[in-house]
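So the chains spell out like this:
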Amino acid sequence: MADTDTSAPETSQKMHLLRAFGVLLLGLLAGYFVYATTINTDSRYPFKLGLDLAGGSHLVYEADVSSLAEAEVNDAMSVLRDVIERRVNIFGVSEPIVQAEESSVVSGAAQHRLVVELPGITDVAAAVDAIGETPLLEFKLVNPEAPLAGVEVTTTDGVTTAAQDTDVERYIDTGLTGRYLERATLVFGQTGGAGLSNEPIVQVTFTSEGADLFADITSAHVGEQLAIFLDGQSISEPVIQQPITGGVATISGNFDPEEARELVRNLNFGALPVPIALASTQTIGASLGAEVLEKGVFAGIVGLGLVMLFMVLWYRIPGVVASLALLFYIAGMLALFKLIPVTLTAAGLAGFILSIGMAVDANVLVFGRMKEEYEAGKDSRTAAREGFSRAWSAIRDGNVTSILSAAILFWFGTSIVKGFALVFGMGVILSMVTAIVVTRTLLVALPVRRMHERTPLSTLYSSGFSRTKQD
Amino acid sequence: MFIIRHIRSFLIAALGITLAAVLALSIFGVSLGIDFTGGALTEVAYEVRPEKVAVEEALDAFDLGGYSVRGSQDDAGADAYIVRTRSLAEDERRAIAVALEALGEGGTVTRFTSIGPVIGEELKDKAVWAIGLVALVIVLYVAFTFRGVTKPVRSWAYGLITILVLAHDVLIPTAVFGVLGYVAGAELDVLFVMAILAVLGYSVNDTIVVFDRVRENLAANKAAEKDEPFAEVVGRSLEQTFTRSINTSFTTLLALLALYIVGGAVTENFALVLMIGVVAGTYSSLFIAPPLLVTIERWQRNRTPKEEEEVSAAL
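Sequence order for the protein chains is A and B.
Taking our numbering, the leading residue of the first sequence gets 1, the next gets one more, and so forth.
Taking our numbering, the leading residue of the second sequence gets 1001, the next gets one more, and so forth.
These are computed hints drawn from the structure, not numbers from a lab.
Beta carbons are placed, not taken as given, at the ideal position from N, Cα and C, and that holds for glycine.
Please note that a few of the clues may not be correct.
Claimed, not checked - A short, non-exhaustive set of chain A residues, derived as facing chain B with CB atoms under 7 Å:
1) Val128
2) Val292
3) Gly296
4) Ala350
5) Val360
6) Leu365
7) Ala394
8) Ser405
9) Phe420
Unchecked claim - Stretch-level coverage of chain B by chain A, calculated; a stretch enters the list once three of its residues show a Cβ under 8 Å from a Cβ in chain A:
10) 1089–1099
11) 1102–1114
12) 1250–1257
13) 1264–1274
Using the sequences plus the hints, can you model the full thing?
If you want it as structure tokens, here you go:
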């Protein structure tokens, strides 16, 4: 790059200073933003802390989708997600995360999972119980060819029982489950011929799809029994007297009023479309989380101090510039954490500290080149410019590999790993940007000196130990 | 350049270190954490910590099979036990938590993780894939970036050297961790894998800077029609980038050191792996990659002397 400053050196110097000033101002603004929003606890931009820093519970449920057709799985999973989220919201968690997840392509059969994150909830027992209250409602046809098991069946004649032939499946799935449920209501009324009056009955209303399905089933199987399963237990197996097209079914299972009320309430909050089982749990106490955060922040400050000290001692004036660029970088990263927002985990914090050490990399590359140019006789400003343009390809190529590994890490991981990968990747990119924008602008704005002038300033532009000659 | 003058010594030293690492791994192996094997980890902090036998007695009452109890200090400074068992169902978890909290004084469960075996297996698979994928992508990237450089060393050589360098950079921290696992109970977990992946990305960074200089100097020589022996070009490039490599690694180490010493127990091992990885990465970029480059060039030259002479004359 040619130096075109010779025509109007005074104006150019002003321009450089203006730009430098602008950059510093930007940094100060970012820093102030971070400071103000951190101090103010009600701010709209707090730091978002992950479970391992804020404390909380992380639950992973495995969903058994074996009875569903391939095409229905995604639908069922999203219904499952909604149902559990509703359940979790009643529990009063602030900002819970409920997500459906599919196991990755590299493992065997696809497994569908539900990840529930409850920040601040450390009594995982209560959380699991609350989620566990979500009922699983299924309707299954009793196989007319299967002999009756030791189950009491009330027919119009009376009660009959028989032994079960274990080879024949007693129940046939109909596909009608809680996902077709629209509403449940508690009704008091009469059942059958036993003469009980005012027995609590649970009346379920299906969605239009469910109503159609119900109509089909009841039309095709008049005279057969339709078993109603609640949480895997058959609670009632009434005979289908006639096709029911209205989309309303009644479940009378000898409930007492309290049971019936609870069932209605649970059904209304949502019935599980598929059975779920708790596969993995993680809880972290809030005080432990706070300790980890505190230590992480302290480590960050110490790390920053050490790096800045080294840069100034070795690289002198350019080192001071690099330190300013580093501060700018940190303010920028923290501001981005708040604005995006990025959920900070212990690993993410570690990644941030790592990136502080790496952020000076671009600067070091440039300063190395700059020193070469400077010692070759060019003036400090030209040396800075040349240093940048020649170092750029190395900076770019080197950082690309870091970004690539961050991208793959992001794909790999659980939320903890994703946090780290995001911070790491952001850090690499932002450090490149700050090196270009901040370091270059500041360096170019400094007063111009040449090495052979041997003024105090000119020696301070050089770095490290000077060689007497290049070999 | 002293490194180039003593290529043989440095390559032998590198080989020695690598063999030592392989040996260490085969003797000590690596202990996998519950993230990969499945299992449960309960951390109970106490105001007054009970004796270990009391804890073991309490645990024996449950049908747990094998388990381990380790004393530790958590980040809040409290004395704690870390109990590792097979993965626990919800009711077992509660029962064990109650039993452990009843011992000593002021016991509370501060941290609990239970990972089902299926999820653990899957995580292990994913980890291996991720490491393999990152390594592959990096090698492809290097081969692509240096595709134009065919003289005097073909571009695939740069890719090959990158593979060796990456293998070295993964091997050394893993071996150290294996030894630590045997000695101090350090376990391979997701954080370890993350650290390795970060090391891969970072250490190649260094190597690329050196290669980049070599490429630049080769191009400058070609433009100036200067006939400099390859070994000297590499030596000169090394000299020019030496300070920079040391300095960048040094600043990164400073940050990591801060993290290791004051950063708390959760990220301690993570910082350690990264530190070893950064050191190994810098070492391989400066003392392994350039010697390998020169060696490859020599082999190529010895195999086709006539062709190389013609090429040199043309340059």
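Do the hints match the structure? See the list:
no.	hint	result
1	Val128	holds (5 Å)
2	Val292	holds (5 Å)
3	Gly296	holds (6 Å)
4	Ala350	holds (4 Å)
5	Val360	holds (5 Å)
6	Leu365	holds (6 Å)
7	Ala394	holds (5 Å)
8	Ser405	holds (3 Å)
9	Phe420	holds (5 Å)
10	1089–1099	holds (count 4)
11	1102–1114	holds (count 7)
12	1250–1257	holds (count 8)
13	1264–1274	holds (count 6)
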